[in-house]
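Engineer: The primary structure of each chain is shown beneath.
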Amino acid sequence: MYRYDEFDAEFVRQRVAQFRDQVRRRLLGELTEDEFKPLRLMNGVYLQLHAYMLRIAIPYGTLSSRQMRKLAHIARRYDRGTGHFTTRQNLQFNWPKLTDIPDILEELASVEMHAIQTSGNCIRNVTADHFAGATADEVADPRPYAEIIRQWSSLHPEFSFLPRKFKVAVTAAEKDRAAIQVHDIGLHLKRLAGGGLGFAVYVGGGQGRTPLLAKKIRDDLPEADLLSYLEAALRVYNLHGRRDNKFKARIKILVHEIGAAAFSAQVEEEWQRIRDGALRLPEAEIRRIEAYFAPPAFASRVAKAALRPADRAFDRWVTRNTHAHRQPGYAIVTISLKPIGGIPGDASAEQMDRVADIAERYSFDEVRVTHEQNLVLPHVRLVDLWAVYQELKAAGLAEANAGLATDIIACPGLDYCSLANARSIPIAQRISERLSSRQDAIGDLKIKISGCINACGHHHVGHIGILGVEKRGEEHYQLLLGGSGAEDAAIASITGPGFGPDGIVDAVEKVVDRYLELRTDEGEPFLAAYSRLGPAPFKDALYAAS
Amino acid sequence: MSRNAEISVLTANRLGDGAVVFLDFEGAWSESFAEAVLARTPDEVRALEDRATYDASHNVIVEPYLVEVRETQAGLTPVRYRERVRAGGPSVLDDVPGYVAPEAVLRQAQHEVADGGPGESDERLRTAPHAQHRPELVEGRATGSTHAQAA
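Note that the protein sequences, when read in sequence, are chains B and H.
If you count the first sequence from 1, position 296 lands on 296 in my numbering, and the numbers rise without skipping.
For my numbering, count along the second sequence from 1 and bump the result up by 1000.
Don't take each hint at face value.
Below, a sample of chain H positions facing chain B; criterion: calculated Cβ distance under 7 Å [claimed, not checked]: (1) 1016; (2) 1017; (3) 1018; (4) 1059; (5) 1081; (6) 1090; (7) 1091; (8) 1092; (9) 1097; (10) 1098.
Covered stretches of chain B, as calculated for chain H (at least 3 residues, CB under 8 Å) [as the list claims (entries may be wrong)]: (11) 23-31; (12) 79-87; (13) 334-343; (14) 347-358; (15) 416-425.
Keep in mind the hints are simulated off the structure, nothing from the lab.
As the structure is a computational prediction, the values presented were derived from the model and not from experiment.
Glycine included, C-beta positions come from ideal geometry on N, C-alpha and C.
Using the sequences and the hints given, assemble the complete structure.
Structural biologist: As structure tokens, this is what we get:
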């Protein structure tokens, strides 16, 4: 894992001291709320529906056991015993006191973590494939590049006040687990024609009130040019992005309005001017950062599987929650944070501690956070799966539903978020309960729920998406079908009139029933069936009777 | 009094801990919606607005605003669902893994349960073991006595 250098440690330490003084001055009245608000947001402190909320950055979703234990400690000591993992691989605490936050930030700094740039119109936490460095289907670990971007973008003076927030995602596999086509910039690390590593660059994707898929503006960016090209792209956006209308300020609107070709041409022009300057990445520097992410000391010999009792639940868990590892004898384990009827992404302090213990013992001290609000143990020996399963089961973390209908993404919604119009979590809970008994028969299905048009719950790219709105002061839900955040990215379409809180659960079930009725066989996934059939039979199931 | 008359209460978040608070009939900031003072006339609304400006500028509360409430069979309740959730707390706290309610919340919850049962809500909410956290409970407020004290 990456370890802070002197610069990292110093700037985080300075920021904690600055924020401590800012909080003191705010409480004394030396700063007004108008003066203080941008300062707290720069440190990840929001005022939400019920309380302050602290959003903590987990760069590219990678945590050590020590860091996970610190998060558990903070949950226990400063919050209410729980934390919430988000769709941006971050962690949110929903109940911190403002007076405690300087101490929380100091605790975080002690384990090389912070909350800087988790809010505001700046470059946010860089996300990455949660299987990075472990999966068999990638050309290289994308996290060294994510770390290089993190270092470049942290406190970048030119990009601290962009027209709007800016999100970068990186993957190195053909199977896109990082949703790069719905990010402001998505990077696909690949092997170039000449044999070296480089990037396909996607720009202008995003969800929110104007969902758009990113356009590929380069297919062959050499790794040495990564930062200069990003700098050029950000500079064009910073110059031409709209600042007069918050809802049209994201880079996706700029790219859409002037066209990808025109945007690309401007980027190329700026890039040619700066590409051989200070931002050109020396080979030695890339390799230096890469060394922090060197594969762990895998066992060279594949141990034989230990005898274990016959256990269908374990077999099911292995089938759903493990993934092929690049190293023979190992597996990637997904820890579901989606218990049936539970709250997507929530974990108790005790569960965080248990995960830290398990990771330390069985996964080279490493945990990942996924944008689908689960956790991952990236490097588990096959012979240890039974023991890991038993320990996860004891912690209430062995739900065998990764990728199934109950593995639902849901934003905090109106239960916590001041922007939300409707609750997301209870809808997710009820759908989970409704579909749990036949989720294996349904197969892979991504249901994603947002409580407002900002789409933190990724409803635009759900196979089945749900958007909560407010209608005459009450909760109301729109249903969308056919979206995908993966390599076959697509924006979902609204089916028609919306539903009330009870009706939306029934509506999802009707769509699922119609899919089961019309699929060619068990091997045809929902999205394939939807593509083949179109929306008509599903609309018929939803609305014909009425 | 017309049942359709517009009624407002003043809410904000407490500066130090961010807790949702309502200006109560003793002029203090209470975490209980049930204790909120009501404004039924333009003069009373202006008085609440003046108090909001004063306390915000004196670093007691942040982001104050008026919430429209209405009278129902079960008592007073915010008109918008958003405000009902905000007044009652997250509807899912019973399902949050490891959630530990602060003592003040528990005391408040016991008080509210003693005052009345849940209002109109779905079965999930009515049958929840700790329904005191449910936003629908804000409808359990007794209007007559509160109004008398507010007056």
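Engineer: All the hints need checking, so say for each whether the structure fits it.
Structural biologist: Taking the hints in turn, this is what the structure says about them:
Because the smallest distance between the Cβ of residue 1016(H) and any Cβ of chain B comes to about 5 Å, under 7 Å, the interface hint for this residue holds. Contact between residue 1017(H) and chain B, as hinted, is supported at the beta carbon level, the nearest pair being about 4 Å apart and thus within 7 Å. Hint status for residue 1018(H): holds, given a least beta-carbon distance of 4 Å to chain B, under 7 Å. A distance limit of 7 Å between C-beta atoms decides the matter here; for residue 1059(H) the minimum to chain B is near 4 Å, and the interface restraint holds.
Annotation: residue 1081(H) was flagged as interfacial toward chain B, and the flag holds, the nearest CB pair being 5 Å apart, inside 7 Å. The beta carbon of residue 1090(H) comes within 4 Å of a beta carbon in chain B, closer than 7 Å, and the hint placing it at the interface holds. About 6 Å separates the beta-carbon of residue 1091(H) from the nearest beta-carbon of chain B, less than 7 Å, and the hint is met. Taking 7 Å as the C-beta contact cut-off toward chain B, the hint placing residue 1092(H) at the interface holds, the least distance being around 5 Å.
Checking residue 1097(H) against chain B: minimum C-beta separation of about 4 Å stays under 7 Å; hint holds. Among the interface hints, the one on residue 1098(H) holds; its C-beta lies about 2 Å from the nearest C-beta in chain B, closer than the 7 Å criterion. Counting residues of the stretch 23-31 of chain B whose C-beta lies closer than 8 Å to any C-beta of chain H gives 4; at least three are required, and the coverage claim holds. Closer than 8 Å: that is the beta-carbon criterion, and the stretch 79-87 of chain B has 3 residues meeting it against chain H, so the requirement of 3 holds.
Counting residues of the stretch 334-343 of chain B whose CB falls under 8 Å from any CB of chain H gives 3; the rule of at least 3 is met. For the stretch 347-358 of chain B, the stated coverage by chain H holds: 5 residues have a C-beta nearer than 8 Å to a C-beta of that chain, and at least 3 were required. Coverage of the stretch 416-425 of chain B by chain H holds [criterion: at least 3 residues with CB-CB distance below 8 Å; count 6].
In summary, the structure agrees with every hint in the numbered list given earlier.
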